[in-house]
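> Start from the sequences, fold in the hints, and give me the full structure.
Those protein sequence lines, which keep their order, are chains Z and P.
Count along the first sequence from 1, then add 871; that gives the number in the numbering used here.
Count along the second sequence from 1, then add 154; that gives the number in the numbering used here.
Hints are not guaranteed to be accurate.
Straight-line C-alpha distance at most 30 Å; calculated BS3-like pairs for lysine-lysine [stated by the list, open to error]: (1) 646(P) / 951(Z); (2) 646(P) / 458(P); (3) 515(P) / 898(Z); (4) 763(P) / 653(P); (5) 882(Z) / 951(Z); (6) 605(P) / 646(P); (7) 383(P) / 941(Z); (8) 345(P) / 951(Z); (9) 898(Z) / 470(P); (10) 428(P) / 882(Z); (11) 951(Z) / 206(P); (12) 441(P) / 428(P); (13) 470(P) / 941(Z); (14) 951(Z) / 653(P); (15) 470(P) / 882(Z).
Between beta-carbon pairs, the in silico distance windows are [claimed, not checked]: (16) 573(P) / 881(Z): 46 to 52 Å; (17) 920(Z) / 606(P): 14 to 20 Å; (18) 895(Z) / 347(P): 24 to 30 Å; (19) 916(Z) / 459(P): 51 to 57 Å; (20) 916(Z) / 606(P): 54 to 60 Å; (21) 895(Z) / 427(P): 22 to 28 Å; (22) 726(P) / 897(Z): 43 to 49 Å; (23) 940(Z) / 333(P): 54 to 60 Å; (24) 881(Z) / 318(P): 50 to 56 Å; (25) 570(P) / 881(Z): 44 to 50 Å.
FYI, nobody ran anything at the bench for these hints, they're computed from the structure.
None of the values given here were measured: they were computed from a predicted structure.
Note that beta-carbon positions come from the ideal geometry of N, C-alpha and C, so glycine has one too.
Chain by chain, the residues run as shown.
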Amino acid sequence: MLTHSRIQGQKGVQGIIIVNSEGIPIKTTLDNSSTVQYAGLIHQLVMKARSTVRDIDPQNDLTFMRVRSKKNEIMIAPDKDYFLIVIQNPSD
Amino acid sequence: MMLDEWALIKPADQLELTEAELKEEITRVLTANNPHAPQNIVRWSFKERTYKPILVIDQLAVHFVMEGSLVHQDSDEGRRQMAKEGVLEETLTVDTGVGFDEEEPETSVKINKHFAELNSDIYSSASKTDKKELKITNQFNFSERASQTLNNPLRDKSCHTEPPPRSNFSATATQWEIYDAYVEELQKQEKNKEKQKAIQTKENDDKSKKIMLMETQSNDVTKVGKAAKILERMVNQNLFDDIIQDFKYFEDESDEFRGQKGTLLPLWKFHYDKSRGLSVTALCWNKKYQDLFAVGMGSYDFNKQGHGMLVFYTLKNPSFPEYIYLTTSGVLCLDIHDQHSYLVAVGFYDGCVAVYNLKQKGAEPVYKSTAKTGKHTDPVWQVHWQNDDMDNNHNFYSVSSDGRVVSWTLVKNELVFTDIIRLTLNGVISEGPEGAQQPYIACGTAFDFHKQIDYLFLVGTEEGKIHKCSKTYSSQFLETYDAHSMAVDTVKWNHYHPKVFISCSSDWTVKIWDHTINTPVFTFDLNVAVGDVSWAPYSSTVFAAVTTDGTVHVFDLSINKYEALCQQSVVAKKTKLTHLEFNPIHPIIIVGDDRGYIISLKLSPNLRKEPKVRAVQSFQTRISADLQNYILFREDKVMPDIHYSGPTKHGRKQMAH
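This is how it looks when you write it as structure tokens:
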């Protein structure tokens with residue numbers, strides 16, 4: 872079973888978005904407007920975070936990011952060309 | 155002709171000549187010689203110190219010389235004069251102009267007019283400061299004439315080209331981008347070096363082109379594999395958050411009030427959907443990555459033999475296995491290499507052994523034994539990796555019901571087998587049809603190698619005997635112990651004490667032995683068939699056993715020699731527990747059952763007590779008069795990173811890894 876579909880099947884997961892390196896969403900399980908919004912905003916955030924980490928030590932790199940809010944948790948895992956966003960509601 | 159009529163008058167003193175003399179022709183020659191020029195000029199020659207006559211004499215005779223007063227206008231004198239008096243210049247030109255007179259006499263009248271004009275011109279031009287050169291025109295035949303050429307109409311012609319394609323480019327130059335560029339450059343250089351070294355055939359080029367194509371095609375889902383894996387673990391971390399917290403930090407406080415007893419806290423449950431109908435037949439922790447463990451799936455039922463599975467789980471992702479390998483025959487045993495933790499040796503129900511390499515992507519084992527290469531004829535019950543032999547080849551041992559203990563060596567691409575020992579039943583003589591003696595072959599069901607002494611190992615048989623053997627002596631056992639009344643399921647050396655081992659069997663008992671003594675030191679009767687037993691890695695006195703009624707028993711000999719500290723049922727009724735393993739560093743155990751589930755349990759503090767190290771020597775045994783009261787102490791604190799103390803801050807810090 873593909874990792875992608877396994878994550879989607881887990882409890883509390885609201886959606887998955889795969890975004891390419893330019894910030895354009897490639898695959899998503901959410902509706903279009905939310906996807907575009909998430910992709911654009913999170914792309915900037917990830918770029919900033921990655922830039923921060925690498926400026927401090929260029930041999931270092933960002934592995935993953937969690938943004939926990941009151942209602943849900945956004946988990947971001949950047950890859951070389953893509954990054955994955957998963958929105959989960961952990962309190963379920 | 156009038157002169158002829160006149161008579162010739164002879165002068166008086168004319169010479170009288172005869173007619174002949176008169177007709178005589180006398181040549182007279184005209185020369186250019188100067189008659190007055192001297193003919194015998196002599197000069198003094200200093201060279202010869204004598205007077206020498208000059209041969210060539212100048213014949214020039216000058217008749218008339220007159221010095222003129224004309225000065226050339228371009229000479230220095232002329233220019234000087236012209237500079238002084240501009241008037242004189244004009245007159246001079248006029249003079250030269252006059253020289254043309256002789257050639258064209260008709261224009262003499264014009265000359266005078268011209269002269270007058272010029273004179274007036276002279277005076278007017280004299281006032282000019284500028285020494286402009288007058289155009290020297292032909293005075294006689296000159297007229298100004300002008301003509302206008304046709305002006306071509308001007309036409310504007312323009313050419314419009316397409317602007318070159320432009321694209322906007324922007325980039326940031328941060329420290330890490332510069333670093334990345336350098337790294338890329340380095341990699342390119344290395345690739346070039348490799349290309350130069352390797353000889354590229356056409357096939358290779360084609361293959362690489364194909365690979366390149368493949369990469370560009372599958373550009374969406376498969377490429378995010380790594381990130382997806384990380385995310386899956388994160389999601390699982392959220393879901394199982396409370397379990398993870400328990401795993402790390404929970405210490406059962408009630409243990410203080412429970413006396414010696416302890417409990418097992420259930421943590422995760424691992425299950426793979428596709429392993430329906432299979433039971434857990436083998437468990438093994440990975441030494442290097444201590445959250446990874448391997449599970450062998452198969453069936454103990456003789457009638458229901460089907461396929462098998464080799465599955466790897468990690469504690470970080472309880473919902474799905476990390477590696478899955480399907481096998482044709484049920485897996486009965488497995489072992490992960492201590493140093494090369496990607497090598498896994500597996501023994502099957504059909505007698506084959508195989509070695510899987512986790513680093514390689516195929517679903518097939520790297521090595522597999524076949525009927526030709528000496529596979530066992532009966533199920534392989536246990537495999538165990540050994541240290542590399544002298545040629546640095548990896549090798550492992552296997553024991554099987556066909557009575558052979560075989561050593562397999564991985565030589566290049568194949569498995570080479572060597573029979574180490576043949577298990578025979580001692581003292582049983584049977585008479586075959588021809589009256590010959592045939593030794594019965596005993597069936598080996600378990601074995602274990604001594605931790606410190608390399609050549610020493612124990613084999614348990616189906617008859618209930620345990621044989622102590624040496625790798626070097628193939629014909630004889632060093633010792634035999636009459637251990638059990640039924641087949642020996644597991645035999646294990648103690649991790650610390652070099653003389654002690656434990657054995658368990660379906661005859662409901664667990665026995666502890668000292669290998670120098672023929673009878674067991676301890677015997678525990680658990681009332682139910684025992685599936686597996688295992689020593690704890692952190693203490694020489696703690697061991698755990700699983701039984702077929704779904705109970706886990708944990709014993710600590712230093713605290714209580716007669717009964718278990720914990721007897722806990724961890725699965726539903728009618729589920730048999732088949733195997734048990736302690737984690738090398740974490741205080742958890744995994745237990746496998748016959749429905750294919752693996753349950754992880756955390757040991758409560760009472761079960762994890764490290765025995766106190768006695769004073770002077772690190773290795774001591776206290777032997778009391780009664781052999782039954784054998785108390786074992788740890789040799790020394792071997793594994794430095796196992797410090798299971800109570801729920802103190804210090805303990806927590808050291809548990810974190």
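> Each hint needs a verdict: does it hold in this structure or not?
Status of each hint after checking the structure:
no. : hint                        : result
1   : 646(P) / 951(Z)             : violated (47 Å)
2   : 646(P) / 458(P)             : holds (29 Å)
3   : 515(P) / 898(Z)             : holds (26 Å)
4   : 763(P) / 653(P)             : holds (22 Å)
5   : 882(Z) / 951(Z)             : holds (28 Å)
6   : 605(P) / 646(P)             : holds (10 Å)
7   : 383(P) / 941(Z)             : holds (25 Å)
8   : 345(P) / 951(Z)             : holds (20 Å)
9   : 898(Z) / 470(P)             : holds (26 Å)
10  : 428(P) / 882(Z)             : holds (20 Å)
11  : 951(Z) / 206(P)             : violated (116 Å)
12  : 441(P) / 428(P)             : holds (27 Å)
13  : 470(P) / 941(Z)             : holds (25 Å)
14  : 951(Z) / 653(P)             : violated (54 Å)
15  : 470(P) / 882(Z)             : holds (16 Å)
16  : 573(P) / 881(Z): 46 to 52 Å : holds (51 Å)
17  : 920(Z) / 606(P): 14 to 20 Å : violated (51 Å)
18  : 895(Z) / 347(P): 24 to 30 Å : violated (37 Å)
19  : 916(Z) / 459(P): 51 to 57 Å : holds (55 Å)
20  : 916(Z) / 606(P): 54 to 60 Å : holds (56 Å)
21  : 895(Z) / 427(P): 22 to 28 Å : violated (35 Å)
22  : 726(P) / 897(Z): 43 to 49 Å : holds (45 Å)
23  : 940(Z) / 333(P): 54 to 60 Å : violated (34 Å)
24  : 881(Z) / 318(P): 50 to 56 Å : holds (53 Å)
25  : 570(P) / 881(Z): 44 to 50 Å : holds (47 Å)
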